[in-house]
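Got chain E sorted already, so can you dock chains L and P onto it with the hints?
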Amino acid sequence: MAVIDLANPTRFLSLVQRVLPWLWGAALIVFIIGLMQTFNAPDDYQQGATVKIMYIHVPAAWLGMMGWSVMSVAALGTLVWRHPLADVAGKAAAPIGAAFTFICLITGALWGRPTWGTYWVWDARLTSMLVLLLLYLGVIALYWTAEDPGRGSRAAAVLTLVGAINLPIIKFSVDWWNTLHQPASIMRTGGTAIAPSILYPLLVMALGFTLLFFALHFAAMRNEILRRRVRTMRLIQAQTLAEARA
Amino acid sequence: MRAARLMQLAADTLTCIRGGRTVFAGLTFSVSSGEALTVIGRNGAGKSSLLRVIAGLVHLAAGSLSLTGGESEASVAEQAHYLGHQDALKGSLSVRENLAFWIDFLGGARGSLEDALAAVDLAPLAGLPAGYLSAGQRRRLSIARLVAVQRPLWLLDEPTSALDVQSQDRLAGLMRAHLKGGGMIIAATHGPIGLDAPRELQLGPTGVAQ
Amino acid sequence: MTPFTALVLRDMRLAVRVGGGALMGALFFLIVVTMMPFAVGPDLKLLARIGPAILWLGALLATLLALDRLFATDHEDGSLDLLMMGRMPLELAIAGKGVAHWLTTGLPLVMISPVLGLMLNVELKAMGVVALTLIVGTPALTFIGLIGAALSVALRRGGLLLAVLVLPLTIPVLIFGVSAANAGIVGPEPFGPPFTILCALSLMSLVVGPFAAAAALRFGLE
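Chains as they are written, first to last, in this note's numbering: chain E, 121 to 366; chain L, 24 to 233; chain P, 867 to 1088.
The following block holds chain E by itself, in its conformation from the complex:
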């Protein structure tokens, strides 16, 4: 099925109906495998079992960034290719990406408490993730405050693309800011050379998260299409009643 066929919302809805159960099932299975592997993975010689938060924290961070990439592609679809479902895809992806970013921040804070002694430090990565979360919340606000879905999506698409361009710049400047001010405590960044016994569970969890993302994304897109249909039907209801008297 070509992408252009998916432009028809009804076709898309029937596709989602067929694919969604498989996505949920696949995500569940991969998660179970991943969690089992996480349990069996070795402890860190300094942090002990605490390091295993990494298996949720790192994939959540990846997914948070992937979410913005999905939104950027959707934004191009809205502005450049005028794909009818592109703005639905963007609007649906934003809360999911924001949620993963939020999970990354929370798990980072929980990880930080035993390792750094405090819930929050302004280190480069956490700060970048926080800025990403703020950008997400801004785009979500834009999508949801627009009265007319079409206009709001175009504005949000512009913001998404501006954000995509800005994200590397923000990341760079935050890194620079962080090296400028020497933080008081010592950061453990989770290791540069990753042994296979740690890497494989990480990748499996990442795959599980990705499948979960797309399952949620498709479900959210379906909901948004249905929501717009309800709105259109209500508008027609008001219109027919207005025309019936003329």
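Careful: at least some of the hints might be erroneous.
Said to hold, decoys possible - The list that follows gives simulated cross-link-like pairs (lysine to any residue, SDA-like), each with its CA atoms no further than 25 Å apart:
hint : chain 1 : residue 1 : chain 2 : residue 2
1    : E       : K291      : P       : D909
2    : P       : K911      : E       : P129
3    : P       : K991      : E       : W236
Honestly, the hints are just simulated from the structure, not real lab data. Bear in mind the structure is a predicted one, so any value in this text is a computation, not a measurement.
For chains L and P alone, coordinates are given in the frame of chain E:
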């Protein structure tokens, strides 16, 4: 029908100055229970300003307004309905929620809500967000406010604008019922609004009544 | 339902439905507080020391921004005319709008301030004190802000005029709010005096705000 208590709105040498310009001066007229007064004149003659002055929304430079026979403690504005160019509706609230708010705020009875919606034929749309309504439907919702909350004096600024013929007839019926019940109407209009030979107040270019 | 309650509930409903009003204020608060370490540096000790001040400034700016449209929307759709023709004195109607504004903007700010305090390395006991000063002081910010909102509608100017008018008026609230917070955290000055003065400022603004705002509206609407 309410007990007919004879009320009279007396206006004495009303003068209004807006933005340094004298809009009208020396206006004297009166309206009694059961009477309607149409205010006519060119655009800019001051029809809307006159209504807003009576509604207490624009400062009166000179002259006096009094409403006898009504509540002694209440001002003229508190005993009047004002139907201006805008509809005072919130788009994100439903039709019913909009009307219910004004009933509660202006001191009406909640029980009259459904009757008021039926009187303007908006009952089928009661649950719809007001933002979805057409201009004519929004106008009708504003008119429902006049029906739902009982106030003796109606100040109407071009009430038939945006209304189709059927709605105009319905409004004329509501106005007649209001007058029959002892109410008073002052309406600014460019053309006939369906009242039988109302008295006319002409605002001329110099702003003095003729 | 009394007219006052009806007005408060309507404004709250609108704030929640239109553009996620309540959350927008909290989001702005979050952003402003996040900006501070970028300017000041991530030194946790320094942030802990100026944390209360950052939270107070953030709350002030967030409250201010949400005030901008308070009367403007009602003025634009003609609701303000009808509000002035109600059975309730205009001062009371304005107070009702102020209450709704605080419940949908000020209160969420207070509720997320602990999380932000966490980010600024403010310790738990200190957070309690800061939240207490915020919950007592944010009504003052809202009600003083009413005056600026009414003036900017009356003068038909928006945006920065409101900020220019209102910010100086809120200086006492800011001073005593931060002072009470710091006294409560560090001492040695007692917490009582600045806190009681903060309460007094709030109570005073509950009265002065609506009266001044009503006068501004009446004057502005010719």
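Hints the structure fails to honour: Hint 2 contradicted; others consistent.
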